[in-house]
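Heads up, my numbering is the position in the sequence shown plus 5, with the first residue counted as 1.
What the hints contain is simulated information worked out from the structure, not anything from laboratory work.
Backbone N, C-alpha and C fix where the C-beta goes; we use that ideal spot for every residue, glycine too.
Please note: incorrect hints may appear among the correct ones.
[Stated by the list, open to error] Across the chosen pairs, the derived CB separations fall in these ranges:
(1) R9 with P98: 23 to 33 Å
(2) Q7 with A99: 44 to 54 Å
(3) D102 with Q7: 20 to 30 Å
(4) E93 with M6: 16 to 26 Å
(5) S109 with N79: 31 to 41 Å
(6) L8 with D102: 41 to 51 Å
(7) E13 with I38: 15 to 25 Å
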Amino acid sequence: MQLREMDEQDCLAFLASHTRGHLACLGEKYPYIVPIQYAYEKDRLFIFSMPGLKIDLLRAHSPACVQVEEFGENRTWKSVLVQGTYDELTDTPARHDERLHAWSLLQKQPFWWEPGSLALNSESEDGPAPSIFFGISIEMVSGRQVV
């Protein structure tokens, strides 16, 4: 077995071939990390969420990190780390096409909405909580693998 660095092309190909990972953001005292489902395209990861702590934290501090991993047979594994910036695709006419594009990429995956739609207390007196689509713009990507 050997530990190897993954080059940028291998990291991006790995991101394109997966849909689940962990999103980390800056909390008030500690980092905050949650599982996510994403869609990758070019230099961005697209993610769906309902309102909650991760959205509040990302709105306050836009740096974010996403980690995606895969475990194989005989203790082999791959792990890719994305460092980037949160960009909310607001429900406005100016961002309408981007929101539709994010939705079109995510809806190709089975059950893409479930992690975001299972938020506790997602209903308010005004009706259901708004859906949030956002991107993580990839600024740096790195990866390692054991083969």
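Hint-by-hint comparison with the structure:
1. R9 with P98: 23 to 33 Å: Roughly 47 Å apart at Cβ, these two residues miss the hinted range, so it is violated.
2. Q7 with A99: 44 to 54 Å: 49 Å, holds
3. D102 with Q7: 20 to 30 Å: 45 Å, violated
4. E93 with M6: 16 to 26 Å: Between E93 and M6, where Cβ atoms are some 42 Å apart, the hint is violated.
5. S109 with N79: 31 to 41 Å: 38 Å, holds
6. L8 with D102: 41 to 51 Å: Given about 43 Å between the Cβ atoms, the range holds.
7. E13 with I38: 15 to 25 Å: 24 Å, holds
Hint compliance for this structure: hints 1, 3, 4 are broken, all remaining hints hold.
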